[in-house]
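Asks: Chains as they are written, first to last, in my numbering: chain A, 6 to 317; chain B, 38 to 336; chain C, 208 to 476; chain D, 15 to 412.
Since the hints were derived computationally from the structure, they do not count as laboratory data.
For every residue, glycine included, the Cβ atom is placed at its ideal position computed from N, Cα and C.
Where hints are given, some of them may not hold.
[As the list claims (entries may be wrong)] The following label-pair restraints were derived from C-beta to C-beta distances:
| no. | chain 1 | residue 1 | chain 2 | residue 2 | range |
| --- | --- | --- | --- | --- | --- |
| 1 | A | A64 | D | D376 | 34 to 42 Å |
| 2 | C | R290 | B | L118 | 24 to 32 Å |
| 3 | B | L118 | A | T269 | 27 to 35 Å |
| 4 | B | L184 | D | Q72 | 53 to 61 Å |
| 5 | D | T146 | A | W127 | 17 to 25 Å |
| 6 | D | G311 | A | T269 | 28 to 36 Å |
| 7 | D | G205 | B | I300 | 27 to 35 Å |
| 8 | D | D389 | B | D96 | 45 to 53 Å |
| 9 | A | W127 | B | L191 | 44 to 52 Å |
| 10 | C | A332 | B | L191 | 38 to 46 Å |
| 11 | A | Y166 | D | G78 | 52 to 60 Å |
[Stated by the list, open to error] Cross-link-like lysine to aspartate or glutamate pairs, in silico, DMTMM-like; alpha carbons within 25 Å at most:
| no. | chain 1 | residue 1 | chain 2 | residue 2 |
| --- | --- | --- | --- | --- |
| 12 | B | K181 | D | E217 |
| 13 | D | K179 | D | E255 |
| 14 | D | K151 | A | E147 |
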Amino acid sequence: MDSLYGIFLYAIYLLTMGGIYAVLVMGLNIQWGFTGLFNAGIAGFFAVGAYTSAIISTASSGRHLGGLSLPLWASLPGAMIASALIAWAVAWICIRLRSDYLAIATLGIAEILRLVLKNEDWATNGARGISRIPKPFEDLPEPWNQIAMLLLVLAILLVLYLLLERARRAPWGRVMTAIRENEAAARAAGKNVEGFRIEAFVLGGALMGLGGALMAHHVKFIDPNMAEPLSTTFIVWVMLIIGGSGNNKGALFGAFLVWTLWSTSEIVTTRLPAEWELKSAYLRFFLVGLALQIILQRYPAGILKEHRPIGK
Amino acid sequence: MNELIGFVNFHLIPGIVLGSIYALGAIGLTLTFGILRFANFAHGETMTLGAFVALVVIDLTNWHVLATLPFAMLLTVLTVLVMDRLFFRPLRTGPTVILLIASFGLMLMMRSAIQIIWGVDLETLSKGLAIPWVLFESLRIFPKHLLIVGAALLLMLGVHGLLRHTPIGKAMRAMSDSPELARMTGIDTERVVMATWITGAVLAAAAGVLLAYDTHLDSRMGFRVLLPIFAAALLGGLGRPYGAMAGGLVIGVAEELSTYSWIGDGPLVSPGYKSGVAFAIMIALLIWRPSGLFRGRVF
Amino acid sequence: MSALSDRPTLEFQGISGGYGGSEIIHDISIRVGAGEIVTLIGPNGAGKSSVMNATFGQLQINGGRILLKGEEITGIAPEQAVRRGISYVPQVSNVFPNLTVQENLEIGAWIRRDDFRPRMEEMFALFPPLSERRRIPAGALSGGQRQMAAMAKALMVDPEILLLDEPTAGLSPRFRGEIFAVVRKVNARGIPILMVEQNARQALGIADRGYVLVDGHCRMEGSGKDLLANPEVGAMFLGRRADEETSPAPNPGSEAPAVDGSTTQSMRP
Amino acid sequence: MKKSFLITGAAVVATGISSAFAADIKVGSAGGITGPIPDLVAPMMAARDLAAKHINEQGGLLDGDNYMLVKGDSKCDAKGAVDTGQKLVNVEQVVAIIGPNCSGATIGMAESVTIPAGVVILSESATAPSITDLEDKGLVFRNAPSDAYQGAALADMVMESGYNKVAVTYANDDYNKGIAEVFEAAFKSGGGMITASAEHEPEKASYTSEISTLSRSGAEALMVFAYYGSSGTTIIRNSLENGLFDMFFGADGMRNEEIITDIGADNLRGKIMVSAPSSDTESSSYKMFAEEFSAAGEDPSAVYTPGSYDAAFLMALAIEKAGGTDRGAIAEALMEVANAPGEAIMPGQWEKAKAAIAAGRDINYQGASGSIEFDANGDVAGTYSLSVIDNNGKWVEK
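The shape of chain A in the complex, shown without the other chains (with noise of 0.2 Å):
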């Protein structure tokens, strides 16, 4: 095979990842950049949203819940609106507590949530995971179909970051800023901050969801491991911040930085001499986390700021 045409590829397929974590990491970039809500829970919505979309599109296989055979247009809206309710629930008992704590609540009922992924196996099939789910365009031939399904990725994108830079600059986004910048004077000015702080948190949950759903489509097969904090929770907050926080610009510029980095380096430390050829995967995360550790110090507000809508 030509080795242009397997790196164009897998350029899509980085791009159609980038994608997908943009979707995440603008999810957080509402709770955090625009609300100040510290949530460290995302893997759990992120699953929530996998797993619904999976039960809904599989077909019947006796080992789960569902097996509805719905396409596309039923199985996203349906990861969200599930990942909306959960984060309903968890922003019901959580809204009040502030930062740091929010952070650690969350991230403990992430934890719960997949220990119930795990163990509840007439749901989810457990440990096992979820195999056979349907990808969009899957049928066309390649590499049209990985085009298409880059599209449809770049294209909710679109409509996301359009909606969400609306949302920014209406009188919501401004409210939402006040909020973060000084709870008092919003309160004092009438505004129901608790109401605020909660819509923020389910429109969050709810991308974090449909990122989960676009993930399970895309990799065709879900389990358990796939909500472990280290490789969904954490990698996007190291892109909203690398990217920008409060900056929805920023947010997407993060998530293709980081997810580039993330997955290309391997390409750098497999061609390591041959003595280091199995520590090389080791040596690659020290290499990712001084990346990291450079970048936080040259840019220490993100490497697009943010703009704010209105301000002296």
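Put chains B, C and D on the given structure of chain A with help from the hints.
Replies: For chains B, C and D alone, kept in the frame of chain A given last:
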């Protein structure tokens, strides 16, 4: 009677041992949180580092595990201070979430470095089986458990002495109460930060060594206990060292008691959910008392 | 009341400044002479606290100079300011609530290299209620006692000048009187005091001199007595009974952030 | 710090450029190098490398080309496996892939990357029964028997050893849960009694409480379905130290030297038996591999390592048989070189195999892990044996 002894032997004592180890880890975490204002995700790997230093010392000298503690602590402290200088200090003036992300990067770096240096295999500090003392013909006490709990208690007493009776300890508490006021009082914050890292690293190294002594060690042991330790710190109220001690014990004991057959013959909670117990307690507490058992700082 | 000396203890020369680009105080000149009590009064958001913060390098200063006994200290770091002899009692969180009263005083003496115990006993003598409560956490003290503890802590270093930010805010009238009495007692030991106050009548009553700040500008200055007698000041601040909790705020002003996201001084989350 | 990073980076780029021009035939070597079982995976990767070394020392592939294994870290996770699979297939342009190790990773990589791309994969350790049913167009192979075989075989062997009442504890991951379920069903239908059964969450510091609850069920032995590193060793240690059980059975995830060094051979001898794919350690195939692998400083009794060697060797035979780097041809050739009939080829006998293929003779690889015969689903049937600890403190087949 048998039932009671079984409960003590197999649920309560393991719970207390695990709880003391969690407590040591949680104190370090809560101190760095109180003074530097961020949740340090690299804390688990700091524990792992301590355990591996102990392994090296034992391989070289064949000393008792507890005798390796000073070396493990020393090297861990040095490493942590270097890391603070390189990775945390340049970010100190910025928002604390940046420090949190930096600690995440550091976690990746430390674990990778440990895997490159020591590999990924399972190792042990004390090979073979421990033999218990059997009291009253049924109560089983392990000498190593006594040593672990004893060492943990001594270290906690040490922390107590440091915080209550030394100027730097009082300054640490002051800074944890109010960093702005501490600066306006003329406390040189960098020195307090350094003292905090040293204390946290000493306790983390001890927790790592003791955990490895009780079970075994490998490159991922620290990350494995990081989440229960977070839960313990939060349960006690972030920034509250005494709360962390209590929180660690509560989480450790609760995890072990959750699988006791309180009702009927089977375990109360399916062991598959054991690691969720810590979080369930934590969340229940957050609803009931949002600032932690010991009134932590609410930001 | 002591006479003005030639070289004031603390002097602001035309200070302008603010937070993150927006200017809150404009061309402020203030002088605190040796042994004086000077009070700053003005409506909410007039920039009184900003003046205090400027002394500690907590305000971004765009113009002017700050002198301590003739030496420039503009933009100095907080930990340096206290070493130079400026002690500051903020309005809120002015003690370490989880430390005992005695520990608060010990921490207050952090920069002293000598034996501070005599000084501590002196403070307990000066504030008898604290002496009985030296072993309880400062967070458990009543509002008035907490102000005393904060002052005692600030005085542990034997400062050149004491800065008080609204020491009577939130106190009941009875405690307010007590605090003003304490302020005079401290001043009687020769320590000059710069004090921001809402309770203009009582504050001017004990002050040697006062400044009236409005909208970040220094509108008036004069001796305490003159200002009390000034009809304009009376109309502005003293029309309402001075023992009411809050003074009227004719201009909600620049310091209270609006809800439209235009606030500029808060931290990023 | 920053400077040295740059230097490393430059060195990496330089090696990358130089190796890109060598006459290599690249085969992906995907495995969970990081992730939850790095300790099990490391020796497996080394065994694959040993096969490649043997092949290159004996003339290499086709016209003397270098058999190059390109490592990929599948992290024992479907997302990670898809990621590394994409790079192996598209960037590295490998002609086939060995691995990945874990079942979930294998399903993810196969369904989302390699089946659409027409790349054959051969895993030596993905044992989930569900892999049998993949619609894989003949592209997914494994030379480890499905758990369905092992669970049933273990049930028979436990009963043959004279134990009819057992308690079961299993780690709730796909591998251990799978074996445990098959075992329980087979043991019950064989007339045995499961007195208690409970899953456990791996990677906890203590399991004393769980085991004590199980021990009160009146079982004669404890079935430990776990990876030795993430919970198995701790469970055995906790049980023995507290006198809760003194007889254990396990599956191949427990078969590792570390468990012996950790707890001590004398404490374990006669108390533990584990099943593992029978590699007929008396066969010359296994001995040949074991000798070479030991000489390389590795442990030949580490679980799946004979299979890892075989997988890498088989893939090379398939490429040689296909006579080129066409991905489809390699997939077809794989079954031919593995299955009977044909001239027997043993580990290390690359020159002999090369000559036979050049002469157009059929070959049949007899691997270190046994004779490998793929069925229509790309699976192998398992023969299992129980291993015990011998007087030298090593695992031996009973």
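Asks: Run through the hints listed earlier and report the numbers of any the structure violates, in increasing order.
Replies: none
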